[in-house]
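All chains should be modelled from the sequences, with the hints used to inform the complete structure.
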Amino acid sequence: MATTIARKYKIASLRLLVENTPDLTCSDRLEPFATDEPETDYRLRFCPSESDEPEHAECGPRLDSIITDEYQYRWSIYTDSLGREGVTLSFDTHEWLQWADALIDGREVTIAYRKKAGAALGSTYIFPLFNLIMNRLLNRNRGIAVHSSVVCDGGRGYLFTAVSGTGKSTMAKIWERAGATIVNDDAIMVDTNPETPVAHNIPMPYYTDVPKSAPLDAIFLISQSPVNVLEPVTGAAAAMQFMTNTVHHSHAADSIERHLQSINRICSRVPIFRLGFKPDADVVDLIRKTNLTEHLTQWRKSTSAN
Amino acid sequence: MKYVSNNNYVLNDICGEKVLVPIVNSVAQMDFIYTLNSTGAFILEHIAEATETETIVDLLLENFETDRTTAEADVCEFLNEMVAKGYVRTA
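Respectively, the protein sequence lines represent chains F and P.
The numbering of the first sequence is the numbering used here, which starts it at 20 and goes up by one.
The numbering of the second sequence is the numbering used here, which starts it at 3 and goes up by one.
These are computed hints drawn from the structure, not numbers from a lab.
Note that beta-carbon positions come from the ideal geometry of N, C-alpha and C, so glycine has one too.
Just to be clear, a hint being listed does not mean it is correct.
[Stated by the list, open to error] Over 10 Å on every C-beta distance to chain P, these chain F residues come out as not near it, computed from the model:
| no. | residue |
| --- | --- |
| 1 | Lys29 |
| 2 | Glu50 |
| 3 | Arg161 |
[To be verified] Computed cross-link-like contacts, SDA-like style, restricted to lysine to any residue with a CA-CA straight-line distance of at most 20 Å:
| no. | chain 1 | residue 1 | chain 2 | residue 2 |
| --- | --- | --- | --- | --- |
| 4 | P | Lys20 | F | Asp273 |
| 5 | F | Lys231 | F | Cys171 |
| 6 | P | Lys20 | F | Thr265 |
| 7 | F | Lys192 | F | Gly173 |
| 8 | P | Lys20 | F | Thr263 |
[To be verified] Chain P is nowhere near these chain F residues, computed Cβ spacing over 10 Å in every case:
| no. | residue |
| --- | --- |
| 9 | Arg34 |
| 10 | His75 |
| 11 | Tyr92 |
| 12 | Arg175 |
| 13 | Lys192 |
| 14 | Tyr225 |
| 15 | Met262 |
| 16 | Ala272 |
| 17 | Asn283 |
Structure follows, in structure tokens:
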């Protein structure tokens, strides 16, 4: 008789009970996030399938095919005939997986999957399915995913966001050399439930990390510059620029509204700055020496006076 | 002429300003988010059902300090743009 192995993880404030099957191992990407907290927010249940195609392959809006160095896959978000939301993926290239489909029904997430014939053991961390599920669950729980790096400097959390190639990882390394801790240098989940929103790392596909988090004291919209320039930005302009680098949920009106509410909560509680920076330790000194709250207050006074 | 919303967007507040976020089926389309001025937001909020241009102009005159000529021009320009972007259609 098949044995189900259940493990509890806490990822970006969400407590997940993951029930796998004998042909899947507990992922070493997830294990550092194991928790013994008794309560569970969602149960993720893996179910092997013999079907050649996922049941929901052709329903719902179809999103773009994604090609990475390792995998080529197509994915879509769907709503089934009972109004339940799900995510489905089909892989063109994957070492053990043919397709996977996560159906969210209240607090239950059923992950159907089809292994390739003769493939070795798989693992409970399926990239990018796990990230897509997390994005959907966070959207329902006042959370958002942000393409950003976050550092924790003496208990103060700073988020640096920009399009790829601008210097998010470079910025994180500069802070690390100055004694700060990198929460993550690329993918961040922000929980907007606390009065001060909290940035969390999540399991990463290409390396194993431990859980890290930081309350957000400031958000920086970064760009490269010959000199360091720090300028507050407020209102809808700030929110829109920040939102550009978040994972959007634009396939359904209720998802968009929840996303906008989370953006509003962050932008009303965390000051946002434009930061032009040159990649050396001076930018750390600038931020450490600047009273960001006072800087924002003074800037608001000067702009209202003008 | 009558106009009606295609109901393919969300109109909501962000930090005190109105933004229009399209409901889309493609990641490639997800970068289009628009901020609307108060007149544009007001017009969109009042065309949930098929609405005559004249009615929208009258509503604008009741709620904004403007004259009929300016209101008619504003309504015409805005709705033409919304039709071109696919958020509104003629009924």
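Flag every earlier hint the structure violates by its number, smallest first. Result: hints 15, 16, 17 break, sorted rising.
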